[in-house]
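Just so you know, the sequences run in chain order A and B.
In terms of the numbering used here, the first sequence has 340 at position 340, counting the first letter as 1, and numbering is strictly consecutive.
For any residue, its number in the numbering used here is found by taking its place in the second sequence, counting from 1, and adding 1000.
The set of hints was computed from the structure by calculation and includes no laboratory data.
One thing to keep in mind: the hints can contain errors.
[What the hints assert, rightly or not] Beta-carbon label-pair distances, calculated as ranges:
| # | chain 1 | residue 1 | chain 2 | residue 2 | range |
| --- | --- | --- | --- | --- | --- |
| 1 | B | K1337 | A | E224 | 30 to 40 angstroms |
| 2 | A | A455 | B | I1201 | 20 to 30 angstroms |
| 3 | B | G1322 | A | D250 | 26 to 36 angstroms |
[Claimed, not checked] Some chain B residues well away from chain A (every beta-carbon gap over 10 angstroms; in silico):
| # | residue |
| --- | --- |
| 4 | T1090 |
| 5 | N1190 |
| 6 | L1263 |
[As the list claims (entries may be wrong)] For lysine to any residue, the following SDA-like pairs were computed, each having C-alpha atoms within a straight-line distance of at most 20 angstroms:
| # | chain 1 | residue 1 | chain 2 | residue 2 |
| --- | --- | --- | --- | --- |
| 7 | A | K850 | B | K1222 |
| 8 | B | K1152 | A | E177 |
| 9 | B | K1074 | B | I1241 |
| 10 | B | K1330 | A | S754 |
| 11 | A | K451 | B | D1224 |
| 12 | A | K459 | B | Q1305 |
| 13 | A | K459 | B | K1217 |
| 14 | B | K1247 | B | A1175 |
| 15 | B | K1086 | B | E1341 |
| 16 | B | K1222 | A | D155 |
| 17 | B | K1401 | A | Q53 |
| 18 | A | K459 | B | K1230 |
| 19 | B | K1230 | A | D155 |
| 20 | A | K451 | B | N1220 |
| 21 | A | K476 | B | K1401 |
| 22 | B | K1225 | A | E74 |
| 23 | B | K1376 | A | E74 |
| 24 | B | K1152 | A | D155 |
| 25 | B | K1155 | A | D152 |
| 26 | A | K850 | B | D1224 |
| 27 | A | K459 | B | N1203 |
| 28 | B | K1152 | A | R335 |
| 29 | A | K309 | A | M370 |
| 30 | B | K1222 | A | E177 |
| 31 | B | K1230 | A | E177 |
| 32 | B | K1152 | A | D152 |
| 33 | A | K611 | A | K451 |
| 34 | A | K288 | B | Q1305 |
Source: prediction; values computed, not measured.
Each residue gets a CB set at the ideal place from its N, CA and C atoms; glycine is no exception.
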Amino acid sequence: MKFSLMKFILPAIFVFLAACSIAEAQDGSAFMQEKQIAVFKKYCYECHNSDAQEGSVDLETIPLEISKDIETAERWAKVLNAINSGEMPPEDAEQIPDRKKLDFLEELSGQMVLARKILSDSGGKITLRRLNQREYANTLEALIGVRPDTSDLPDDQASAGFDTEGASLFFSSDQLEQYLRTARRYLDIALNGSPKTKRKSKRRTKRVEPEETYTPHYRKYLRELKTKIANSKKYLASPDNPPKGLGILDAYQAKKQMKQAKEWSPQLEEYLARPETKTGATLILTIKGGGPTKIKLPVVGPTEFGRYKIRLRAAAYKDAPARFQYLEFTSGFGRTRNHMGWRKVRGTLKKPEIIEFEFDHLPGDRHQYMVHQRTHQDRGDKNLWTLNQKENGMGTPPGVWVDWAELIGPEPFNLSQRQEILFKKPKSWNEKKYATEVIRRFAANAFRGTKPTDAYIRKLVERFESARRDGDNFEKAIVEPLAIVLSSPSFLYMVESAGGKESLTAHELATRLSYFLWSTSPDQELAALAKSGKLSDPKVLRKQTERMIADPKFERFIDGFVYQWLEMERIDMFQSSGAQYPNFDNAIRANSREELFSMVRMLVKKKLPLKDLLRSDYVVINEVLADFYGIDGVEGHEFRKVDLPERSVRGGLLGTSAVHIMGSDGLRSSPVERGAWVLRHLLDNPPPPAPPNVPQLSRLDEEVLPVRKLQRAHQEQPQCAQCHQKIDPIGYGLENFDSTGAWREVELVSFGKSRFGRQNTKEFAIDTAGKLYNGRKFSNFSELRNAIAEHEDDFARGFSKSLIAYGLGRPYGFTDEALSKEILQQAVKRKYDINEFIHALVQSKTFTTK
Amino acid sequence: MTNSRRTFLRSATSAVALPFLPSLGLTAAAAPVARGVVNPLAPPPKRLVFLGIGFGVTADRWYPDVDREGAKYKLPKLLKPLTRHKDDITIIQNLMHQYSADGHAGSTFWLTGANRYAVPGQNFHNTISVDQVAAEVLGNDTRFTSVQLTAKDAKSDGHGPGLSLAWNRSGKPIAGLDTPVAAFHRMFSNDTTPLKQRQKILNDQRSVLDAVLSDAKAINRKLDKSDSEKLDEYFQSVREIEIRLAKEEKWLAVDKKKPSKPLSEPGDLEGVEEIRMMYDLMVAAMQVDASRVFTYRMPANRMIQSLGATMSAHTMSHFSEGERRTVSQKRDTAHAKLLAEFFDKLKKSKEPDGSSLFDHCSITFGTNLSSVHTLKNCPTLIAGGGSGFKHGRHLVMDNPKTPLCNLWLSTLRGSGIAAESFGDATGVIDELFEA
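Here chain A stands alone, though its shape is the one from the complex (with noise of 0.2 angstroms):
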């Protein structure tokens, strides 16, 4: 039983092709070379030969067409994994020479790439879709105009390759009762109002004084911490007999809460010295008095969806640090809190401003919505409070007062669709008929464009007079009926009829191209192009492409698509601490990963060249990132194009932080992280994936080392080096860029025992300079960009294959290639232009046939 490499392989050769450093088969087969070969024989065969077999192997009567089969490439794979992991050959027996070694690894490891590559590729074949969970999400919203909560339904990015892939897409049991369960409860929302009540909530603004709570809150802590240094005085000036009833168990203990009440009341007493705190809150963060001051809006039920708005006068400190004169808005209930967003305050103590801030509250939620300052993940805000402490004996200084804050609300949602749904009833039907056609309409509109049969609606219809005589009321009867029709497959599937080659429908055109560039059902405008057949018209297909993506709704292509393409949930993956990246807070995470999508976002819309993500002369980003970046002269939290001054490191995905993020474990930058994903992202020459069971270096060595000297061992063994020499080099180039993404002149490296988060530091020089693999030379990663900017072609080519792997639902295969060129040679006319790409695949023959 060996280990098989090959399942690390697939999820990046779905989506991209193999190493142009592979000789790619012009037959379309994987085959090892009979130099190699030779290798193997001289190696392998002596124990492993048809006779000896030791192990149950045998190496004589293997193909070599590795791509002949599945179980063929498994035994090729397994091959693979022994000499790479060193335990062929054993020991005791001769072993392979480095260079003949590294060879074979090399070639092999290339050809498996290629064979898994061939071995999976669907043959064009786009299988049946389920809607994925974002596009059921959508879908269901347009249809019935409520947003559903879909987080019991399983997520299908958690299955690799993109969440449209229609293979992979599975169904159960539970899932069939959970869309039944959710479709029920947003349709009696839709149709009968609230869950409880039929009465819509008014509009109307609730005020928040934050003085009246924390005036008197911090005056009564400010006692407590008074009494306890007072009742630990009595207490040490006699601990032999210590008076009764001061609550203290020993000397220790009355130490130390002296030690922590004489370091907390200052903050305490100075705050209460403020005269702004008699009519507003300076928001401060105390370690047991309930940690940061949170200005708290009265708790918004289930029944209360709607927009809101939160209205605030603030004033900003202006000697305390940028980062802090910023307002945090979050969401939730109990301890969870979602980010909503930021806003930074530039009113004065003298000259306060009135900030607004809005949102959705969706049906069913329950949220008490907060203001407070800016936080850090895990215990980072408490520490550097701490360590402040320690320093200035007052603990982190405010940044923001805020005089009032009103939370205002709700403005009802548009839902029109109830009138559509339940239209007006004709004088002369009865309640049959009537509920019959409402069911008939609303099934038709579901299925997109596919007649539902007599016989199922007599079977919903069914439902609802069931329901009648249980003594439902109309509107709650029809629902039961309804939400059969939103777990029906018609709806749950895009049902693309036609077998073969021939052309879609005009409405499976539109659908198709609707949850592409929208995740979401054809909207009226489309769908009657598809009824009328005017979409099958090339022209009339791009005007409406155009329209798509100037529309609002082109953002879920931008948010599905971008993020998968380029795997950012790596974002997410490790937290930072706080006390060690005082600058690396929730804010930047969240605007990192949202500068990624302005980028995409500003390049579509003004029809900008694809490079630009390599290297441009601009970023899009916004204050809080500006402020990050150490950028000026930007006010206000929409994400902008901002002209860079010359010579600045940011510019292109090379310079933000969300990829150097993504390139980190939360402690340190990672090389071979980042190396891997400019291979595969911006290359499209991805390394064949890491053997599993290889440990991780941090634990390997516990010397405080640069991290360039920590993965020599990368270099050392041929079978590591195979990969390592094209991966390393790459992300040493990157090494001026934190694992927070902030640019450093040095390595700090933290070693030994933490205290409050923040442990010792060692410093090391960068060492950046290195060479792409059969490339250009760097010195630093000025020059490491340039040089990846030069492969503008490889980018491209690499971003068409996910365009068709997505846009498509299936992944990218061989049968690809061809549909792929078509799409560069139209974009490349226009400096690849990402919209370009977008036409020519949707006016491709594969795009519009089944």
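Place chain B on chain A using the hints.
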């Protein structure tokens, strides 16, 4: 396999004499006539429990010293709380799944051993899990064929894709009850709805299935072969619900047994308390014979947070010296403590013949990840007398790549389930049955 081994297994299997159902044999469920009436002479039923922890253990301190095999091994310090059960547990080293390679998926293939990429053109494939194979046999006479427990927000707990530890015959995930409250209500809450009304609810549910099936059949006619195969998942789901409804109907009129200690609805528990309550609920469910097959995909994030950690479980799993390691070790010991309490309760619960639930239970505790992102030497701790294993030992398999499926096959056969094979098993683990 030696001859005596075979004889032994055959006799062990025939002694229990349970039918082996090759596929979804649930329709064959016997009518629950004698429910509640326990025949004191019948041997107590066999039960299986699988406990998956997601991210791996602190490997260098969790496993016993490899040089000390057998009964004389020293229980590692991290597992100290299990000392009083040392004679009734076995720790096995060198088990693994040859096909597992996802370093963040401790549960997805743990009970299946499947090759994720076995089906061309598909990037995710799984097969039936060992508990479900067992449930097809052991689940016929109980109200619940099997019980799946899981935890909220398990996504980042190192379990990987899936909804619980269980995967059905088609390799599709089976959902789990994600809070003690939900588990309590499903298994124990007293349904006071009148019988007639409950019957009507069942009938209504059938009509719903009937309606969606009518649409499924209509579109199925338009689909080509492979799309039709995809849609088959939908048909399969409908069939599964039908089977469940049929079972519920049979149980409608049957009085439910009450657990020995009356249970009250659990509160909103998190982490350690949540796990403890889930263990209690399993014990109670066994006492009333509500089910005989249990899986529990346990919380990791919430568990370490309830132990005072503020980092995420994933961060912890990359344990380096310092805080990350401390949290990881604390978690290991807390698990050992909870497990020891679980065993105490199972030992205290008596069957009519005087033996204990523990004597007839096979409990497996572990995950597919040993530590960090390593997938070999899966941490495996087994306990209970249900499979006839000889416990109190530390087994180190000679072959460092012994299929974990060999343990699953051993567990099945030992529990009287005549499984021919399971996953990539090459046989049973003989050592388990040898004194």
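How the hints compare with the structure:
Against the hinted window of 30 to 40 angstroms, the Cβ-Cβ separation of K1337 (chain B) and E224 (chain A) comes to about 36 angstroms, which satisfies the hint. The hinted range of 20 to 30 angstroms is satisfied by A455 (chain A) and I1201 (chain B), whose Cβ atoms lie roughly 24 angstroms apart. In this structure, G1322 (chain B) and D250 (chain A) meet the distance hint of 26 to 36 angstroms, their C-beta atoms being roughly 30 angstroms apart. Against chain A, the non-interface label of T1090 (chain B) holds: every CB pair exceeds 10 angstroms, the least being about 21 angstroms.
At the 10 angstroms boundary, the C-beta of N1190 (chain B) stays outside the reach of chain A, the nearest C-beta of that chain being 22 angstroms off. The beta carbon of L1263 (chain B) is kept farther than 10 angstroms from every beta carbon of chain A, the shortest such distance being approximately 25 angstroms. A threshold of 20 angstroms between alpha carbons decides the hint, and for K850 (chain A) with K1222 (chain B) the separation of about 13 angstroms falls inside it, so the pair holds. The hinted pair formed by K1152 (chain B) and E177 (chain A) meets the criterion: a straight-line CA distance of about 18 angstroms does not exceed 20 angstroms.
In summary, the hint linking K1074 (chain B) to I1241 (chain B) is not supported, as the alpha carbons are separated by about 48 angstroms, beyond the 20 angstroms threshold. About 18 angstroms separates the Cα atoms of K1330 (chain B) and S754 (chain A), which keeps this hinted pair within 20 angstroms; it holds. Simply put, K451 (chain A) and D1224 (chain B) have alpha-carbon atoms about 19 angstroms apart, close enough for the 20 angstroms limit, and the pair holds. Distance check on the hinted pair: K459 (chain A) and Q1305 (chain B) sit about 50 angstroms apart at the alpha-carbon level, beyond 20 angstroms; violated.
Of the supplied pair hints, the one linking K459 (chain A) and K1217 (chain B) holds, its CA atoms being roughly 14 angstroms apart against a limit of 20 angstroms. Under the criterion of a C-alpha separation no larger than 20 angstroms, the hint pairing K1247 (chain B) with A1175 (chain B) is consistent with the structure, at around 18 angstroms. Proposed proximity of K1086 (chain B) and E1341 (chain B) is supported: the alpha carbons are some 13 angstroms apart, at most 20 angstroms. Of the supplied pair hints, the one linking K1222 (chain B) and D155 (chain A) is violated, its CA atoms being roughly 29 angstroms apart against a limit of 20 angstroms.
Distance restraint check for K1401 (chain B) and Q53 (chain A): the Cα-Cα separation of roughly 18 angstroms lies within the 20 angstroms cut-off, and the hinted pair is therefore satisfied. Proposed proximity of K459 (chain A) and K1230 (chain B) is contradicted: the alpha carbons are some 25 angstroms apart, above 20 angstroms. This hinted pair checks out: K1230 (chain B) and D155 (chain A) have alpha carbons roughly 19 angstroms apart, not beyond 20 angstroms. At roughly 14 angstroms between alpha-carbon atoms, K451 (chain A) and N1220 (chain B) fall within 20 angstroms of each other, so this suggested pair holds.
Only pairs whose Cα atoms come within 20 angstroms are accepted, and K476 (chain A) paired with K1401 (chain B) is rejected, the gap being roughly 59 angstroms. For the suggested pair K1225 (chain B) and E74 (chain A), the alpha carbons sit about 28 angstroms apart, so the restraint of at most 20 angstroms is broken. As the CA atoms of K1376 (chain B) and E74 (chain A) are separated by approximately 18 angstroms, the hinted pair is consistent with the 20 angstroms bound. Straight-line distance between C-alpha atoms of K1152 (chain B) and D155 (chain A) comes to about 13 angstroms, which keeps the hinted pair within the 20 angstroms bound.
The suggested pairing of K1155 (chain B) with D152 (chain A) holds, with an alpha-carbon distance near 12 angstroms, which does not exceed 20 angstroms. For a cut-off of 20 angstroms, the pair hint linking K850 (chain A) to D1224 (chain B) stands: about 11 angstroms separates their Cα positions. A distance of roughly 14 angstroms separates the Cα atoms of K459 (chain A) and N1203 (chain B); the hinted pair therefore holds under the 20 angstroms criterion. The suggested pairing of K1152 (chain B) with R335 (chain A) holds, with an alpha-carbon distance near 15 angstroms, which does not exceed 20 angstroms.
A hinted pair counts as satisfied when its Cα atoms are at most 20 angstroms apart, and K309 (chain A) with M370 (chain A) qualifies at roughly 12 angstroms. For a cut-off of 20 angstroms, the pair hint linking K1222 (chain B) to E177 (chain A) is broken: about 25 angstroms separates their Cα positions. With a C-alpha separation of about 19 angstroms, the suggested pair K1230 (chain B) and E177 (chain A) falls inside the 20 angstroms cut-off, and the hint holds. With a C-alpha separation of about 10 angstroms, the suggested pairing of K1152 (chain B) with D152 (chain A) holds against the 20 angstroms cut-off.
Distance hint between K611 (chain A) and K451 (chain A) is unfulfilled; the C-alpha atoms sit about 46 angstroms from each other, more than 20 angstroms. The straight-line distance between the Cα atoms of K288 (chain A) and Q1305 (chain B) is roughly 19 angstroms, inside the 20 angstroms bound, and the hint therefore holds.
Hint check: violations occur at hints 9, 12, 16, 18, 21, 22, 30 and 33; the rest are consistent with the structure.
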